[in-house]
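J.: Spelled out from the first residue to the last, the chains are:
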Amino acid sequence: MAWLDANLVSVLNGVAIGCLLFILAIGLSLVFGMMDVLNLAHGAVFLVGAYAGWVVGGTDPSWGTFLLALAVALGIGLLVGGGMSLLTEPLRDRSHLDQALLTLGIALIVAELLSMAFGNDVQAADAPPGLDGTVSLFGNAYPTYRLALIGVGAVFAVGLWLLMSRTMIGSVIRATVADRDMVSAIGIAQHRVKLAVFGAGSALAAAAGVLGVPIYGARPGLDSTVLILALVVVVIGGLGSVRGALVGALVIGQIESLGRAVLADAASFLLFGALALVLVLRPRGLFAGAVR
Amino acid sequence: MSGMVITRRRLLGMFGATAALSACGSSLGGGSSSDGGEQGAVKVGLVIPQAGVYAPLGVDMKRAWDLWLDRHGGKVGGFTVTTVVGDEGETPQTGVAAVQRLLQSDDCDVLVGIVSSATALGVRDLVTESKKLLLIANAGANDITGTAISPYLWRTSFTNGQVAAAMGRHLAEQGGTDGVFVIAPDYAAGAEASAGFQDAFTSGGGTIAGAVKPPFGTTQDYQPFLSQIRSSGAKATFCFFAGAEAVAFVKQYRQFGLADSVPLYGSGFLTEGGVLSAQGAAAVGIQTSLHYTSELDNEHNKEFVAAYQKAHDAVPTVYSVQTWDAAGVLDRALRSAKATDGDALSTALGKLGPIDDSPRGEWSFDGQTPKQKFYIREVEQKGDGFVNSVIAETDAVGQDG
Amino acid sequence: MSRAAKVVVPAVAWLALAGAPVFLAPYATTTLARMLVFGLLAASLALLVGVTGLPSLGHAAYFGAGAYAAGWFAQHVSAAAPYPLLVAAVTGGVVAAATGWVAVRARGVFFLVLTLAIGEIVRQVAETWEPVTGGSNGLYGIPATTLAGEPVVHPALLYWFVFAVFAVGFAVLWLVVRSPYGTALHGIHDNEPRMRALGYPTGLYKYGVFVIAGTVAGLAGGLLATQQRLVTPADLGFTTAALALLAVIIGGARSLWGACVGAGLVILVRDSLGPTLDGHGPLVLGVLFVLVVYLMPRGVAGIRPRRAS
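Residue numbers (our numbering), protein chains in the order written: chain E, 1 to 292; chain F, 1 to 401; chain X, 1 to 309.
Hints are computed from structural coordinates only; laboratory data are not their basis.
Note that this is a predicted model, so its numbers are computed, not measured.
Worth double-checking, as some hints may not be accurate.
Said to hold, decoys possible - Here are some of the chain F residues that sit facing chain E, going by a computed Cβ distance under 10 angstroms: (1) V53; (2) D186; (3) F225; (4) G243; (5) A244; (6) A246; (7) A306; (8) A307; (9) Q309.
What the hints assert, rightly or not - Per label pair, the in silico range of CB-to-CB distance: (10) S2(X) with A185(E): 57 to 65 angstroms; (11) A307(F) with L277(E): 56 to 64 angstroms; (12) G353(F) with E130(X): 55 to 63 angstroms; (13) L277(E) with A211(F): 42 to 50 angstroms; (14) Y294(X) with A307(F): 48 to 56 angstroms.
C-beta: ideal position from N, C-alpha, C; glycine also.
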């Protein structure tokens, strides 16, 4: 029975990690689904948020500093995303590979600037007070903070669903994913939509960075690790689809938790093996968003 | 976008001027030149990581080297030292290139440093063929002074197996910790540490409750493995982690409540240097084995720590001491050999007796790597920070554990 | 550019490369050899990316597979040239053939991510298959390649060996590009559905070029094993693949020689400039990259001499 309890904890942990990945990946998915721009700097924005969380919150944050760090990260993410949207504007007519590569160059620059500013040491911080303890789960101790992440993820997912299905902005986003040219034909300027989505998506990535600090810390190299995870999530889930990003994130969360617990010997191959498998069976991901 | 035309001339102008004039010469000469420059001078190539994840170790190593030279008037063994720093980088691709540059372009006589075991093994042939001495100041792979041994590669640091075996012996002697769970990442150093610990622990009568190897470099979340430790019913955990993985594991070990019920033991790198400040209170109570801690109570260490703190406003780490000792050992060898070529220095090193003025205590070479005492340390709070205090000592052991 | 210049400039470049050891110091020669190895990898990637339009982030897998095969062969069977190189090329081709059939069915960003996944899986294999690949320490102590019984260790001789093999590999790529097959590949890049409508088996063609590129990459890997005498999982991974892609873009995706120039720049920045910048070489690479994407859409290959007005 202890075996079952341990694996139930892994399942729950997978959901917690999945929620964090969802907040991170949704921006990447929507930007690509809407604009065909693969933002390879997404991981670097996450890292910017993580360092913001560590600097503003400190190693022992109070609720005030934690929320302040979140706000700062959202702001910086918005600016960076907006900036990137403007930077990719001139390349609008070039191939999508060019735009993706531009973001790769920006990712390199941002990562190096962060390393010059904050050094190469690994930084870590605790969760805000009240969330830094443990809860007893199936007879095992489990960090309260990760349970809180599930709560945050659930609220965010519901909020996003409401936004997408009940508001004007949501329908514009869905329409742009489905047929970009039609949307501009009815008078909504494409570059404004792109600016908004890029900004919001990056803001979310930076927020995910702050939320991830008690688990992942902040260090050089974290940006590429996280970028690869986000890429796998959106490609498995299907680009441009909110539902797909959620399913993809939860699936990857399970692979990284339950998968590693149960299939410990093959642990290194699970993530990319799963990705390859999905792409072989469903080349456009599980829930392809665009009808193009 | 099609407006700006960059002419060939402008581009060549930008790059041409910077084209290394030092690249000129001829490669057709016979073999490598150099007799080390004028008499009484030695050119030392310091190979340390200046970029990437290992950069903090490189900083410690350079500080110790500079401090030694400062306190000895810039001379080693009576020879005036010119130090050329080579950037080992993060991977052997850059490491091998750095060593090649130091040997071929900068004409160094002696090389000191190297953090990564893969790089050390990778440059073995290069260094051996050029007959220059390499004093390894960190890389811990057993093979460097084992199956891949070469008369030109000497080491002042440790072997992975040796460090872990010290803890294995200590736990076996303590008794009462039957059922230890072993966790180390899936790469060469982790495997060597795991094997070293298990051999020493089981030959002392201990039993292993289980073992697991998290993927190396791609694990940030240790929950699946922590759950395994809990469900195995182990009485204690032995681990080997370094760098970012050490920070993540120790913090999560505490976050998941294991720290109170299943005491954690490890190879000293788990709590050494920068990682300890990142771990903070989560590391308190962890016991590790290592051949050095800044809290050692001998006169050489007290002097060393005081000087290091004054010069660099930081506490020395094991990486600093290894490089300090490399300088000290080179000093003795040069004094005895009175020459800078690899053969003479290698012979001189072989004749060195015990090194009795090292901050880590007395040690000697055994099979070109240190035979040294190990300290069992426990993390404690001291003032505003945390330190590894000594709670026990072991006898001197060589690389066979 | 005048017709005469089109012949003279490349000829001069080849002659300069051939004669390099005569006027370059040993370390510069070694660095140039390293650039040639990486250049061959980048050129093979240019065949995929620029000519056929398949942006691969996992091309280093075939490079590494070839390198490991050559290294293992030199250690356990024979280090006599050209056998390790042949084994390397064949291994690269076989691994490309095994993984290519699944990769070429994907398009655009899916192809990008799938090749990334393939690359990482192959790297994990190298990292964990210790008996054959040496695990995370890699394959070290690879014996020097022997020509007629004599080991090639002198920097100049080693350079000429690398240069000769580079020339062969480059020639193969160049011939593919100039052949009718190459023209068809250009067509697939520009408008695949149209090519299909014209009756070309585009899937088969893409698979074919994937295998050819993988074979040449494997050959480049064999050169790496010969030149560096060390192969580690880092040579297979995402970082190497990304650097190769950077080199191709800087050089101009559709140009083979441009990719070689790009490779030279990348190696130069990483090995020579990096140390002087306190290890912040990637910053320069990133800036260079951004500048190239903005200002030189056709890369270094697209630079035109100023016309007399």
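J.: Using the nearest Cβ pair, does A307(F) come within less than 10 angstroms of chain E?
T.: violated (23 angstroms)
J.: Return holds or violated for the Cβ distance of A307(F) and L277(E) against the range 56 to 64 angstroms.
T.: At 59 angstroms between Cβs, range holds.
J.: Against chain E, run the beta carbon of A306(F) and see if the smallest gap drops under 10 angstroms.
T.: For A306(F), the interface hint is violated, since the closest Cβ of chain E sits about 24 angstroms away, which is over 10 angstroms.
J.: Is the interface hint for G243(F) satisfied, with its Cβ closer than 10 angstroms to some Cβ of chain E?
T.: Interface hint status for G243(F): holds (7 angstroms vs cutoff 10 angstroms).
J.: Grab the minimum C-beta distance from V53(F) to chain E and call the hint holds if it beats 10 angstroms, violated otherwise.
T.: It holds, given that the least Cβ distance between V53(F) and chain E is near 6 angstroms, below 10 angstroms.
J.: Have a go at the A246(F) hint: is there a Cβ in chain E nearer than 10 angstroms to its own Cβ?
T.: holds (8 angstroms)
J.: Just to be sure I understand the hint, the distance between the Cβ atoms of S2(X) and A185(E) should be within 57 to 65 angstroms; is that true here?
T.: violated (48 angstroms)
J.: Holds or violated: is the Cβ of D186(F) closer than 10 angstroms to a Cβ in chain E?
T.: This interface hint holds because 7 angstroms falls under the 10 angstroms limit.
J.: Does the Cβ pair Y294(X), A307(F) satisfy 48 to 56 angstroms?
T.: holds (52 angstroms)
J.: Take the shortest C-beta to C-beta distance between F225(F) and chain E; is it under 10 angstroms?
T.: holds (8 angstroms)
J.: Should the interface hint for Q309(F) be scored as holding, given a Cβ-Cβ cut-off of 10 angstroms against chain E?
T.: violated (19 angstroms)
J.: Could you check if A244(F) really has its C-beta closer than 10 angstroms to a C-beta on chain E?
T.: With a closest approach of 5 angstroms, the A244(F) hint holds.
Checked against the numbered hints above, the structure breaks hints 7, 8, 9, 10, 12, 13 and satisfies the rest.
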